[in-house]
Each structure stands twice: as C-alpha cells, then as structure tokens.
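Residue numbers (our numbering), protein chains in the order written: chain U, 2 to 116; chain Y, 928 to 1041.
By construction, these hints were calculated from the structure, which means they are not laboratory data. A couple of the hints might just be wrong.
[Said to hold, decoys possible] Derived Cβ-Cβ restraints for the label pairs, each shown as a range:
#1 U/H83 to Y/V939: 35 to 45 angstroms
#2 U/K43 to Y/R941: 28 to 38 angstroms
#3 U/K69 to Y/T932: 32 to 42 angstroms
#4 U/H83 to Y/E944: 43 to 53 angstroms
#5 Y/E983 to U/S13: 34 to 44 angstroms
#6 U/P116 to Y/K940: 33 to 43 angstroms
#7 U/N42 to Y/T1013: 11 to 21 angstroms
#8 U/S53 to Y/S1007: 43 to 53 angstroms
#9 Y/R1024 to U/N62: 19 to 29 angstroms
#10 U/S15 to Y/S1009: 42 to 52 angstroms
#11 Y/S1039 to U/Q46: 24 to 34 angstroms
[Unchecked claim] Not everything, but these chain U residues come out facing chain Y in the computed CB check (under 10 angstroms):
#12 Y37
#13 L45
#14 T108
Just so you know, even glycine gets a beta-carbon here, dropped at the ideal spot from N, CA and C.
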Amino acid sequence: AQSVTQLDSHVSVSEGTPVLLRCNYSSSYSPSLFWYVQHPNKGLQLLLKYTSAATLVKGINGFEAEFKKSETSFHLTKPSAHMSDAAEYFCVVSDLFFGNEKLTFGTGTRLTIIP
Amino acid sequence: DVKVTQSSRYLVKRTGEKVFLECVQDMDHENMFWYRQDPGLGLRLIYFSYDVKMKEKGDIPEGYSVSREKKERFSLILESASTNQTSMYLCASSSRRRGDEKLFFGSGTQLSVL
Chain U
2 AQSVTQLDSH
12 VSVSEGTPVL
22 LRCNYSSSYS
32 PSLFWYVQHP
42 NKGLQLLLKY
52 TSAATLVKGI
62 NGFEAEFKKS
72 ETSFHLTKPS
82 AHMSDAAEYF
92 CVVSDLFFGN
102 EKLTFGTGTR
112 LTIIP
Chain Y
928 DVKVTQSSRY
938 LVKRTGEKVF
948 LECVQDMDHE
958 NMFWYRQDPG
968 LGLRLIYFSY
978 DVKMKEKGDI
988 PEGYSVSREK
998 KERFSLILES
1008 ASTNQTSMYL
1018 CASSSRRRGD
1028 EKLFFGSGTQ
1038 LSVL
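The following block holds chain Y by itself, in its conformation from the complex (with noise of 0.2 angstroms):
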C-alpha cells in the first residue's frame, strides 16, 4: 500500500523557534509538495520539488523553506515560527509521469504556534 508518512500528526511551538516539519513517500515519487490548509481557503501550495535539491516556490512561500536531500524526504521548514503559521500542513507526493497526476497525501500535521 502506497504511503505518505509525516513525522509527527501534532505540534505545539512558540513564536520564533525554528521547526521542522519530515515528509517520507514509499513510492518512488519524483513530485512532492507542501500545502497548508485553513478553513474557507482549502490548500495553498507552499512548496514543491521535482527532483532531489530542487524546489520551487507556490503560492505562500514566505516564511517558510524546504529541503530535499533525498527522494523520498521532503522536509518543511518554518525559520523563525509565528502565531499566522498555525495551520494544518499536509504533505503530498506524485509521480512525473503524464497521465497518472494522482496527488497522494500524508494525514497531515496540526502545528500551533504559541
């Protein structure tokens, strides 16, 4: 069974720590994206990558960074966290192969930033 796992399904932080937010895919994906998701605006695309040390910027890139170090890991990263960053953060992945753009999700991570 194919799987998006995200390190930690709860976090609580304060303002200004640095967190980091670990997205693993299982199924050789090259495309692995960011969203967060807050009620009446559905996901917004933070980040995404379509190959290992590749990022492109979405939607809402500001205030947050990603890595990818390795093709299955896609790692967000929130320099210096505050309270607008609460959010649900979801991770997804996809393969490149036209035809078969079938985002698959991670359960998601409810960060809340004191």
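Isolated chain U, as found in the complex (with noise of 0.2 angstroms):
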C-alpha cells in the first residue's frame, strides 16, 4: 500500500523568498511521485514529476523537487516567491494496479504569500 503526507496544511511566506513544501512517501516500489497545483477556482495542474530518471526534477514556474529515496522525501521548492504562487498544493505517489497507474493524493498545503 502506498501514502504521502504533507507535513504542513499551510505554508506563509513573504514574496521574493524561497519557498519550501515537504512531503514524504511511502511505497510497496519505486514509485513515480507527482507534485499537482490547484489555484482558486481552477482545476488542478500538473507542477512536475519525478519517473526514477534524475533524481531532481524542474517543473513550471520555476519549481523544482527532489527525490531523496534514504529520506523518502520529495520536497517542492522555489528560489523566490511570487504572488501569483498562493494556492494549494498536492504531493501524490503512484502504484501499480493490475498494470495500471493509481494514484494516491496528500492532504494539501495551502501556501499563501505575503506582499
């Protein structure tokens, strides 16, 4: 059975400094690991995601995380901030069932910046 935990249901930050998401894993295989964003009022959109290639991964809008497989981390961060980065985001994990992907979503983190 696979789980992810996101370690805060939210995150403030002041606008123009590094941003900082956690989330850990747990999984029966080498998992694919997902990070989705969900702005208000929008679908959820895929950030980045993480297929047992290199070990950091950049996504869109300056984004990146890292898979640390000792840790069994995959923390979402940014270098510096932006207002239009408040939303909520999802750390997910992938298993395998009967050959097809599940995927298996965190409670959320809710990041809100400060002008």
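Each chain sits in its own coordinate frame; assemble them with the hints.
Given below as structure tokens:
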C-alpha cells in the first residue's frame, strides 16, 4: 500500500523569499511522484513529476523537487516566491494496480504569499 | 487543447435524490477517475476505470456507483444522496501509456445535498 504525508497544511512566506513544501511518502515499489497545483476556482494542474530518472526534477513556474530515497521525501522548492504562487499544492504518489497507475493524493498544503 | 468537461459547476440536491455527475474527455484516454475533494482531506479516489465497461473501487466507494458505456464518458451516480456527500467532485483522465501518467482534471462540480 502506498501513502503520502504533507507535513504542513499551511505555509506562509513573503514575496521574494524561498518556498519549501514538505512531502514524505511510502510505497512498496519504486514510486512515481508528482506535485499538482490548484489555484483558486481552477482545476488541478501538473507542476512536475519524478519517474526514476534524475532525482532533481524541474517543473513549471520555477519550481523544483528532489527525490531522496533514503529520507522517503519529495519536497517542493522555489528560490523566490511570487504572488501568483498562492495556491494549494498536492503531493501525489503512484502505484501499480493491475498494471495500471493508481494515484494517491496528500491532504494538501495551502501556500500564502505575503506582499 | 485537451479537455475534461464536467456537466455542472454547481449542483444542489435533496437528501434521497438520485444524482448523476457526468464527465467527458476528448483525449481518447483509457483511464478515467472520480475524486472528491474536502478541506483538510485532500483528494480521495471514489472509483476509477481503465477501459469501457470496466470499473474498480477506489478508497471511498460506499454510496456511489459509476458507469462507463463509452470510452470518452464516465458517470458518477449517487443512488440516494446524503448530506455527507456534500463535496467538490473532480473527474480526471489519463493515458495508459507507461511514463505518461499525467492526470488531466475537469474544473469540478460543487455538490450540495440539503
């Protein structure tokens, strides 16, 4: 069975400062991991994904995440926050189900940007 | 542009009513999913389907059923709506191709059961 834990339900940072959203996972297999973003009143959008290639993954809008197997972590970072980054972020782990992918979502981290 | 369309953005129903939530995708995706999203709980998988006429229970299937008669359409059915089914419902689809697991989401249906 797989699971994902987002360690913070809410993170606030000032504009221009670094962003860190934390995620830990458990999986029976070599996992695929994702970050999705949901802006207010909009659908979810894929930010980035890790699928056993490079451990440092770059996504859209300047975000990146590092897969650390020894720590079972997949934290999302950005060097400098922008007001448009205010949204809810979901860490997701995938597992195989009859040869197909089944995704498990974390409970989400709401990111607030302080002007 | 790829699209997952959910038939209603807002829906208000009464306890005991039968409710249909419709989802259509135009990407010829094999996989389709229904999630519900609640504050503090993230997205929870209700049902999913990997092919026409196939369905599998997700993590919280109780009180729901689904129908997939055509590849592009995946319907969620609440047989007898209850107040604890008030939630945001999200439909998603994805390709079955390995390495292409990206989910495409609809904009959601906010269901209120009174």
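Cross-check of the supplied hints:
1. U/H83 to Y/V939: 35 to 45 angstroms: Since the Cβ atoms of U/H83 and Y/V939 sit about 37 angstroms apart, the hinted range of 35 to 45 angstroms holds.
2. U/K43 to Y/R941: 28 to 38 angstroms: About 29 angstroms separates the Cβ atoms of U/K43 and Y/R941, which means 28 to 38 angstroms holds.
3. U/K69 to Y/T932: 32 to 42 angstroms: Distance hint for U/K69, Y/T932 holds at roughly 38 angstroms.
4. U/H83 to Y/E944: 43 to 53 angstroms: At roughly 44 angstroms between Cβ atoms, Y/E944 and U/H83 fall inside 43 to 53 angstroms, so the hint holds.
5. Y/E983 to U/S13: 34 to 44 angstroms: Distance hint for Y/E983, U/S13 holds at roughly 39 angstroms.
6. U/P116 to Y/K940: 33 to 43 angstroms: Hint holds: Cβ distance 41 angstroms, inside 33 to 43 angstroms.
7. U/N42 to Y/T1013: 11 to 21 angstroms: holds, 18 angstroms
8. U/S53 to Y/S1007: 43 to 53 angstroms: For Y/S1007 against U/S53, whose Cβ atoms are near 44 angstroms apart, the range 43 to 53 angstroms holds.
9. Y/R1024 to U/N62: 19 to 29 angstroms: Check passed, 26 angstroms falls within 19 to 29 angstroms.
10. U/S15 to Y/S1009: 42 to 52 angstroms: Because 44 angstroms falls inside the window, the suggested range holds.
11. Y/S1039 to U/Q46: 24 to 34 angstroms: The hint (24 to 34 angstroms, Cβ to Cβ) holds, given that Y/S1039 and U/Q46 are roughly 26 angstroms apart.
12. Y37: holds, 8 angstroms
13. L45: holds, 4 angstroms
14. T108: holds, 4 angstroms
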